[in-house]
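Residue numbers (the working numbering), protein chains in the order written: chain A, 1 to 162; chain B, 1 to 70.
Because the hints were derived from the structure by calculation, they are not lab data.
Since the structure is predicted, the reported quantities are computational estimates derived from the model, not experimental observations.
Among the hints, a few may not be true.
[As the list claims (entries may be wrong)] When the alpha-carbon atoms are kept at most 25 Å apart in a straight line, the in silico SDA-like pairs for lysine to any residue are as follows:
1) Lys98(A) to Gly112(A)
2) Lys22(B) to Gln116(A)
3) Lys22(B) to Thr31(A)
4) Lys22(B) to Arg143(A)
5) Lys22(B) to Gln139(A)
6) Lys98(A) to Gln62(A)
7) Lys22(B) to His137(A)
8) Lys98(A) to Ala18(A)
9) Lys98(A) to Arg26(B)
10) Lys22(B) to Asp89(A)
11) Lys22(B) to Arg95(A)
12) Lys22(B) to Ala18(A)
13) Lys39(A) to Glu160(A)
14) Lys22(B) to Arg88(A)
15) Lys22(B) to Pro110(A)
16) Lys22(B) to Leu61(A)
17) Lys22(B) to Thr20(A)
18) Lys39(A) to Lys98(A)
19) Lys22(B) to Gly22(A)
20) Lys22(B) to Gly112(A)
21) Lys22(B) to Arg136(A)
22) Lys98(A) to Arg31(B)
23) Lys159(A) to Leu70(A)
24) Lys98(A) to Ala71(A)
25) Lys22(B) to Leu28(A)
26) Lys98(A) to Gln68(A)
27) Lys22(B) to Pro26(A)
28) Lys39(A) to Arg72(A)
29) Lys22(B) to Gln23(A)
30) Lys22(B) to Pro121(A)
31) Lys47(B) to Glu33(B)
32) Lys22(B) to Ala29(A)
33) Lys22(B) to Asp32(A)
[What the hints assert, rightly or not] Example chain B residues on the side facing chain A (calculated, C-beta under 7 Å, incomplete):
34) Pro23
35) Trp24
36) Glu27
The beta-carbon is built from N, C-alpha and C at its ideal position, and this holds for glycine as well.
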Amino acid sequence: MIRTPLWAALLFAASASAATVGQPAPALAGTDAGGAAVKLADLRGRVVYLDFWASWCAPCLQALPHYQSLARELEPRGLTVIGVNLDRDRALADRALKRTGASFPVVFDPAGRWAQAFALPAMPTSYVIDRSGTIRHVQSGFRAGDEAAIRAAIEAALKETP
Amino acid sequence: MKPLAAPLLAALLLAGCAAPVKPWQRELLARPEMALEGDALAAAQRKQTEFSKEGSSGDTALAGGGCGCN
Numbered sequence: 001m002i003r004t005p006l007w008a009a010l011l012f013a014a015s016a017s018a019a020t021v022g023q024p025a026p027a028l029a030g031t032d033a034g035g036a037a038v039k040l041a042d043l044r045g046r047v048v049y050l051d052f053w054a055s056w057c058a059p060c061l062q063a064l065p066h067y068q069s070l071a072r073e074l075e076p077r078g079l080t081v082i083g084v085n086l087d088r089d090r091a092l093a094d095r096a097l098k099r100t101g102a103s104f105p106v107v108f109d110p111a112g113r114w115a116q117a118f119a120l121p122a123m124p125t126s127y128v129i130d131r132s133g134t135i136r137h138v139q140s141g142f143r144a145g146d147e148a149a150i151r152a153a154i155e156a157a158l159k160e161t162p
Numbered sequence: 001m002k003p004l005a006a007p008l009l010a011a012l013l014l015a016g017c018a019a020p021v022k023p024w025q026r027e028l029l030a031r032p033e034m035a036l037e038g039d040a041l042a043a044a045q046r047k048q049t050e051f052s053k054e055g056s057s058g059d060t061a062l063a064g065g066g067c068g069c070n
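All chains should be modelled from the sequences, with the hints used to inform the complete structure.
The structure is reproduced here in structure tokens:
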């Protein structure tokens with residue numbers, strides 16, 4: 001019978017579970033603006049801050065400069081900041097990057113493939129992924145003052161040895 | 001199997017109609033022209049006029065009205 005797998009597929013589609021603390025980060029790959037490969041699996045051994053953002057999301061744009069300074073400051077200690085842009089219009093994304101001064105690698109995901117894999121609960125959502133590839137902190141939304149909690153989660157992950 | 005195929009196909013195809021918009025798909029909905037109230041000040045003035053003039057019918061859950069001073 002063909003019915004069972006079809007209904008199972010429907011049910012599965014309806015209940016794609018969100019990536020949460022303690023789970024391994026989905027193994028995704030893409031390319032950044034310069035065409036360089038970005039593979040989460042290749043970043044084992046480093047702490048990854050993965051930020052999902054879009055130009056139409058005001059708090060996302062508010063957060064980008066903070067992430068830029070985190071990237072600059074903590075990169076030597078083992079942090080890699082990666083943005084995932086969800087704009088369908090690439091020009092809008094490029095303009096937002098220019099305006100916010102963010103220069104960390106950004107993967108362009110207009111189809112929402114990465115967003116689907118992580119099942120984002122909100123926009124923006126960011127993930128602290130530790131050196132072993134496990135999600136350690138989920139930052140859902142962004143308000144001024146959230147920087148401290150984000151920094152604390154990153155610092156805690158940086159202190160661990162791989 | 002065969003009589004079930006058509007409704008099953010319809011259910012599969014129409015599943016997209018009922019699926020809620022995901023947070024990362026709100027691009028067009030986030031545009032200013034998609035706001036229910038485009039201009040907050042104009043909306044407040046319109047509301048003031050509305051509940052003053054239509055207060056007698058209990059609009060916005062307040063009885064009375066008419067002078068626009070509440």
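We went through each hint and held it up to the structure:
Proximity of Lys98(A) to Gly112(A) is assessed by CA-CA distance (about 22 Å); at most 25 Å being required, the pair is judged to hold. Under the criterion of a C-alpha separation no larger than 25 Å, the hint pairing Lys22(B) with Gln116(A) is consistent with the structure, at around 9 Å. Using a Cα cut-off of 25 Å, the hinted pair Lys22(B) and Thr31(A) holds, with the two alpha carbons roughly 23 Å apart. Taking the CA atoms of Lys22(B) and Arg143(A), the gap is near 21 Å; set against the 25 Å cutoff, the hint holds.
Annotation: proposed proximity of Lys22(B) to Gln139(A) holds, straight-line Cα distance about 17 Å (limit 25 Å). This hinted pair checks out: Lys98(A) and Gln62(A) have alpha carbons roughly 13 Å apart, not beyond 25 Å. At roughly 21 Å between alpha-carbon atoms, Lys22(B) and His137(A) fall within 25 Å of each other, so this suggested pair holds. This hinted pair does not check out: Lys98(A) and Ala18(A) have alpha carbons roughly 31 Å apart, beyond 25 Å.
In summary, the hint linking Lys98(A) to Arg26(B) is supported, as the alpha carbons are separated by about 22 Å, within the 25 Å threshold. About 18 Å separates the Cα atoms of Lys22(B) and Asp89(A), which keeps this hinted pair within 25 Å; it holds. For the suggested pair Lys22(B) and Arg95(A), the alpha carbons sit about 24 Å apart, so the restraint of at most 25 Å is met. At roughly 12 Å between alpha-carbon atoms, Lys22(B) and Ala18(A) fall within 25 Å of each other, so this suggested pair holds.
Under the criterion of a C-alpha separation no larger than 25 Å, the hint pairing Lys39(A) with Glu160(A) is consistent with the structure, at around 22 Å. At most 25 Å may separate the alpha-carbon atoms for a hinted pair to count; Lys22(B) and Arg88(A) meet this at roughly 14 Å. The suggested pairing of Lys22(B) with Pro110(A) holds, with an alpha-carbon distance near 13 Å, which does not exceed 25 Å. For the given pair, Lys22(B) sits about 19 Å from Leu61(A) by alpha-carbon distance, which is consistent with the 25 Å threshold.
The hinted pair formed by Lys22(B) and Thr20(A) meets the criterion: a straight-line CA distance of about 17 Å does not exceed 25 Å. Taking the CA atoms of Lys39(A) and Lys98(A), the gap is about 24 Å. The hint holds against a cut of 25 Å. Proposed proximity of Lys22(B) and Gly22(A) is supported: the alpha carbons are some 23 Å apart, at most 25 Å. Annotation: proposed proximity of Lys22(B) to Gly112(A) holds, straight-line Cα distance about 10 Å (limit 25 Å).
For the proposed pair Lys22(B) and Arg136(A), the alpha carbon gap of about 23 Å is at most 25 Å, so the pair holds. Between Lys98(A) and Arg31(B) the CA atoms are separated by roughly 20 Å; this keeps the pair inside 25 Å, and the hint holds. A hinted pair counts as satisfied when its Cα atoms are at most 25 Å apart, and Lys159(A) with Leu70(A) qualifies at roughly 16 Å. With a C-alpha separation of about 16 Å, the suggested pair Lys98(A) and Ala71(A) falls inside the 25 Å cut-off, and the hint holds.
With a CA separation close to 20 Å, the supplied pair Lys22(B) and Leu28(A) stays within the 25 Å bound. About 12 Å separates the Cα atoms of Lys98(A) and Gln68(A), which keeps this hinted pair within 25 Å; it holds. For the hint linking Lys22(B) to Pro26(A), the alpha-carbon distance of about 19 Å falls within 25 Å, and the restraint holds. Annotation: proposed proximity of Lys39(A) to Arg72(A) holds, straight-line Cα distance about 20 Å (limit 25 Å).
At roughly 21 Å between alpha-carbon atoms, Lys22(B) and Gln23(A) fall within 25 Å of each other, so this suggested pair holds. Under the criterion of a C-alpha separation no larger than 25 Å, the hint pairing Lys22(B) with Pro121(A) is consistent with the structure, at around 8 Å. As the CA atoms of Lys47(B) and Glu33(B) are separated by approximately 20 Å, the hinted pair is consistent with the 25 Å bound. This hinted pair checks out: Lys22(B) and Ala29(A) have alpha carbons roughly 22 Å apart, not beyond 25 Å.
For the given pair, Lys22(B) sits about 24 Å from Asp32(A) by alpha-carbon distance, which is consistent with the 25 Å threshold. The beta carbon of Pro23(B) is positioned within 7 Å of a beta carbon in chain A (closest approach about 5 Å), and the interface hint is therefore held. Because the closest C-beta pair between Trp24(B) and chain A is about 4 Å apart, less than 7 Å, the hint holds. Interface restraint check for Glu27(B): the shortest CB-CB distance to chain A comes to about 5 Å, inside 7 Å, so the restraint holds.
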